Amino acid sequence: METVIRTEKLTKRFGDFIATNEITFEVKKGEIFGFLGANGAGKTTAMRMLCGLSIPSSGDAQVAGFDVYKQTEEIKKNIGYMSQKFSLYEDLTILENIKFFGGIYGLTDKQIKTKSDSLVEKLGLHNEAKKLVSGLPLGWKQKLSFSVAVLHDPKIVFLDEPTGGVDPLTRRQFWELIYDAADTGVTIFVTTHYMDEAEYCNRISIMVDGRIDALDSPVNLKKQFNANSMDEVFYQLARGAKRAE
Amino acid sequence: MRTIKFLLFKEFKQIFRNRAILALIMVMPVVQLIILPLAADYEVKNINLSVVDHDHSTYSQKLISTITATPYFKLTGYNKSYDEAFRLIELDKADLVLEIPQGFERNLVRENQQELFVAVNAINGTKANLGGAYLNTIIQIFNSDIRVKLLEHEESNQTQNIDVTVSNWFNPYMNYHVFMVPGILAVLVTMIGGFLSALNIVKEKEVGTIEQINVTPIKKSHFIIGKLIPFWVLGNVVFTLGLLVSWLVYGITPVGSLLVLYVFVSVFLLAILGFGLLVSTFCDTQQQAMFIMFFFVMIFILMGGLFTPIESMPGWAQTVTKFNPASYLIETMRMVILKGSGFKDLLRNIGIIAIFAIVLNLWAVLNYRKTS
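Residue numbers (the numbering used here), protein chains in the order written: chain S, 1 to 245; chain H, 1 to 372.
Just chain S, same shape as in the assembly (with noise of 0.2 Å):
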């Protein structure tokens, strides 16, 4: 299996703070790989620093085969990213985003106009597709995220806690769309906080403190903490935490 992410000792300090301390894994072409830790433990930090929107303090990564402090825009190319927080414009419509951010990564008005009408078609968003992203459910919102994410066929797509304050069932679809995108080869990068989300990755990493604690898969995990569910493994990695919140 191609390797697409690998980190060594990647590391970033804010000043005395160390955000992402030393973390060292790979990620292989086509897996679900979760990205688990307490609120402030490092995750977005590391994440980031793998987007290219931030350049690491020490260590080594490489993402699609480029080096995050040197070839940051080449990185770009190949990735996606869903930000924690929405940050599709608002002001324009559903598919006035998907027209721009698919002319921002070079794709054809054909192909723009065929992705749009393919999302619109996959997201049953027929009545929505021209009114303005502000008046959509948050579900919905992150369902569009992910997609214009995923438009430009990346080989990874990064999600900083795409599912966050939705329902189960909006839960449910959204990861829908994620083994769909999974299925045609993309490598999905997760972050969460939901236990059941866990379950759904290939492998997990659990942050604690800045540092990877565990790294395994779901079922391996439980063996290892000798743990029922995803849940008591957390909390007994999480309990030993030092960072307050």
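Because the hints were derived from the structure by calculation, they are not lab data.
Honestly, I wouldn't trust all of these hints.
[As the list claims (entries may be wrong)] So the derived list for chain S, only partly shown, Cβ under 7 Å to chain H, looks like this:
| no. | residue |
| --- | --- |
| 1 | I55 |
| 2 | T72 |
| 3 | K85 |
| 4 | D91 |
| 5 | L125 |
[As the list claims (entries may be wrong)] Cross-link-like lysine-lysine pairs, in silico, PhoX-like; alpha carbons within 20 Å at most:
| no. | chain 1 | residue 1 | chain 2 | residue 2 |
| --- | --- | --- | --- | --- |
| 6 | H | K62 | H | K149 |
| 7 | S | K85 | S | K28 |
| 8 | H | K127 | H | K74 |
| 9 | S | K77 | H | K45 |
| 10 | S | K122 | S | K141 |
| 11 | H | K203 | S | K85 |
| 12 | S | K77 | H | K370 |
| 13 | H | K93 | H | K203 |
| 14 | H | K127 | H | K93 |
| 15 | H | K220 | H | K205 |
| 16 | H | K205 | S | K85 |
| 17 | H | K45 | H | K5 |
| 18 | S | K110 | H | K45 |
| 19 | H | K220 | H | K370 |
| 20 | H | K5 | S | K113 |
| 21 | S | K113 | S | K131 |
| 22 | S | K85 | S | K141 |
| 23 | S | K77 | H | K127 |
| 24 | S | K70 | H | K149 |
| 25 | H | K219 | H | K205 |
| 26 | S | K115 | S | K155 |
| 27 | H | K13 | H | K149 |
| 28 | H | K220 | S | K77 |
| 29 | H | K5 | H | K220 |
| 30 | H | K370 | H | K205 |
| 31 | S | K110 | S | K130 |
| 32 | H | K13 | S | K113 |
| 33 | S | K28 | S | K9 |
| 34 | H | K74 | H | K93 |
| 35 | H | K370 | S | K85 |
| 36 | S | K131 | H | K62 |
| 37 | S | K115 | S | K131 |
| 38 | H | K45 | H | K13 |
| 39 | H | K74 | S | K70 |
| 40 | H | K45 | S | K130 |
Here the structure is a predicted model, which is why all the values come from computation and not from measurement.
All C-beta atoms in this analysis are idealised placements derived from N, C-alpha and C, irrespective of residue type, glycine included.
Mind docking chain H on chain S? Use the hints.
Showing chain H alone in chain S's frame:
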């Protein structure tokens, strides 16, 4: 190029959706150009004058009626004593007191000499000083009129008058609107360009959409150009509206060519938009950007030669104005609109503003960071 096309599509959509801002952009220049030049007028009218006439002669009556016949003075008191008149100054009911001494007529005719006393309320310095100067002129004219009349009777001419006649070039009637309107238009273009661009990128930072842009492989220069062009177009629209208002309301049409004006304003807009975008890249919130722009725009306006001539500023201040892009715009607008200056006369100004534009925009591109 294709990227820029999509950026423009997005920016224009957003601008046209933001009705409040759009209305402000359109209404502001029209309203301000109609109101401000009428209010910001250097010409002082309605000066409150109080007269103390101790002479009660034909000549003193004549002098008073000559003065009050002008639109500048309003007779608010006709007092018996100076103290009474001074009381009016204290109550702020009079700006000037004119005291005509006893024997005014006699001395004027017989001795060819008479002193008048003028007291000025200097709390409103401009009004009182100008009023004093006006009054002086009127009295002098009155004086020479009497001389001419007296000369008809006498052969001897003892008064030596030197009259200075001023001819006002480029604004023959000293119409302040002609002077102020191009200046105010310059300020409007500066303000609208500066504020719109300064708030724009910061807004994307605040809302969080910049994150989604930064994670795309978009080139920084493309992003800045995509921000620059829409506001450049808007700036030109505002300028055109302003020119229309000056023409329709004040009848001001540029003596020089419109082409020269537009070329200069186009380059100027690139400079001021670049400045706004630069501020935008330094700030994290719209509040910060707003305050920083206010700080600079105030300096741009007050040190731009709009209200007070740059030539009369102290040396250090004149040096500061050299780094004020608005000062070049105000000067150029007046040169082209009032004097009819052409490209040749403006080469230096265009060159300087072009340097501003290049430096500020390059700086904005450099300072915009996709990676922190």
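These are the hints, each one checked on the structure:
1. Using the Cβ-Cβ criterion of 7 Å, the hint placing I55 (chain S) at the interface with chain H is satisfied: the shortest such distance is roughly 6 Å.
2. Given hint, T72 (chain S) at the interface with chain H, holds; its Cβ is 5 Å from that chain's nearest Cβ, closer than 7 Å.
3. A cut of 7 Å between beta carbons decides the hint on K85 (chain S): the least distance to chain H is about 5 Å, and the hint holds.
4. The criterion of a C-beta within 7 Å of any C-beta in chain H is met by D91 (chain S), whose closest approach is roughly 5 Å, and the hint holds.
5. Restraint check, L125 (chain S) versus chain H: the minimum CB separation of about 19 Å is more than 7 Å; hint violated.
6. Note on K62 (chain H) and K149 (chain H): the hinted pairing holds, with a Cα-Cα distance of about 14 Å set against a maximum of 20 Å.
7. Restraint check for K85 (chain S) and K28 (chain S): not satisfied, since their Cα atoms lie roughly 27 Å apart, outside the 20 Å limit.
8. For the hint pairing K127 (chain H) with K74 (chain H), the CA-to-CA distance comes to about 13 Å; that is within 20 Å, so the pair holds.
9. Straight-line distance between C-alpha atoms of K77 (chain S) and K45 (chain H) comes to about 68 Å, which puts the hinted pair past the 20 Å bound.
10. The hinted pair formed by K122 (chain S) and K141 (chain S) meets the criterion: a straight-line CA distance of about 14 Å does not exceed 20 Å.
11. With a C-alpha separation of about 15 Å, the suggested pairing of K203 (chain H) with K85 (chain S) holds against the 20 Å cut-off.
12. Taken as a hint, the K77 (chain S) and K370 (chain H) pair is honoured in the structure, with Cα atoms around 14 Å apart against an allowance of 20 Å.
13. Proposed proximity of K93 (chain H) and K203 (chain H) is contradicted: the alpha carbons are some 51 Å apart, above 20 Å.
14. Pair hint K127 (chain H) plus K93 (chain H) holds up; C-alpha atoms about 13 Å apart against a cutoff of 20 Å.
15. Restraint check for K220 (chain H) and K205 (chain H): the C-alpha separation of about 15 Å stays at or below 20 Å, so the hint holds.
16. Taken as a hint, the K205 (chain H) and K85 (chain S) pair is honoured in the structure, with Cα atoms around 12 Å apart against an allowance of 20 Å.
17. Straight-line distance between C-alpha atoms of K45 (chain H) and K5 (chain H) comes to about 55 Å, which puts the hinted pair past the 20 Å bound.
18. For the hint pairing K110 (chain S) with K45 (chain H), the CA-to-CA distance comes to about 69 Å; that exceeds 20 Å, so the pair is violated.
19. At most 20 Å may separate the alpha-carbon atoms for a hinted pair to count; K220 (chain H) and K370 (chain H) meet this at roughly 8 Å.
20. Proposed proximity of K5 (chain H) and K113 (chain S) is supported: the alpha carbons are some 16 Å apart, at most 20 Å.
21. Using a Cα cut-off of 20 Å, the hinted pair K113 (chain S) and K131 (chain S) holds, with the two alpha carbons roughly 17 Å apart.
22. Between K85 (chain S) and K141 (chain S) the CA atoms are separated by roughly 11 Å; this keeps the pair inside 20 Å, and the hint holds.
23. The suggested pairing of K77 (chain S) with K127 (chain H) is violated, with an alpha-carbon distance near 67 Å, which exceeds 20 Å.
24. A hinted pair counts as satisfied when its Cα atoms are at most 20 Å apart, and K70 (chain S) with K149 (chain H) does not qualify at roughly 94 Å.
25. In summary, the hint linking K219 (chain H) to K205 (chain H) is supported, as the alpha carbons are separated by about 17 Å, within the 20 Å threshold.
26. The hinted pair formed by K115 (chain S) and K155 (chain S) meets the criterion: a straight-line CA distance of about 17 Å does not exceed 20 Å.
27. Between K13 (chain H) and K149 (chain H) the alpha-carbon distance is near 75 Å, which puts this suggested pair outside the 20 Å criterion.
28. Restraint check for K220 (chain H) and K77 (chain S): satisfied, since their Cα atoms lie roughly 14 Å apart, inside the 20 Å limit.
29. With a CA separation close to 15 Å, the supplied pair K5 (chain H) and K220 (chain H) stays within the 20 Å bound.
30. Taking the CA atoms of K370 (chain H) and K205 (chain H), the gap is about 11 Å. The hint holds against a cut of 20 Å.
31. Between K110 (chain S) and K130 (chain S) the alpha-carbon distance is near 19 Å, which keeps this suggested pair within the 20 Å criterion.
32. The suggested pairing of K13 (chain H) with K113 (chain S) holds, with an alpha-carbon distance near 19 Å, which does not exceed 20 Å.
33. A threshold of 20 Å between alpha carbons decides the hint, and for K28 (chain S) with K9 (chain S) the separation of about 18 Å falls inside it, so the pair holds.
34. Of the pairs offered as hints, the one joining K74 (chain H) and K93 (chain H) holds, with about 11 Å between alpha carbons and a cut-off of 20 Å not exceeded.
35. Of the supplied pair hints, the one linking K370 (chain H) and K85 (chain S) holds, its CA atoms being roughly 18 Å apart against a limit of 20 Å.
36. Taking the CA atoms of K131 (chain S) and K62 (chain H), the gap is about 78 Å. The hint is violated against a cut of 20 Å.
37. In summary, the hint linking K115 (chain S) to K131 (chain S) is supported, as the alpha carbons are separated by about 18 Å, within the 20 Å threshold.
38. Of the supplied pair hints, the one linking K45 (chain H) and K13 (chain H) is violated, its CA atoms being roughly 49 Å apart against a limit of 20 Å.
39. Distance hint between K74 (chain H) and K70 (chain S) is unfulfilled; the C-alpha atoms sit about 77 Å from each other, more than 20 Å.
40. Between K45 (chain H) and K130 (chain S), the direct Cα distance comes to roughly 59 Å. Violation of the 20 Å bound is thereby established for this hinted pair.
Violated hints, listed in ascending order, are 5, 7, 9, 13, 17, 18, 23, 24, 27, 36, 38, 39, 40; each of the other numbered hints is respected by the structure.
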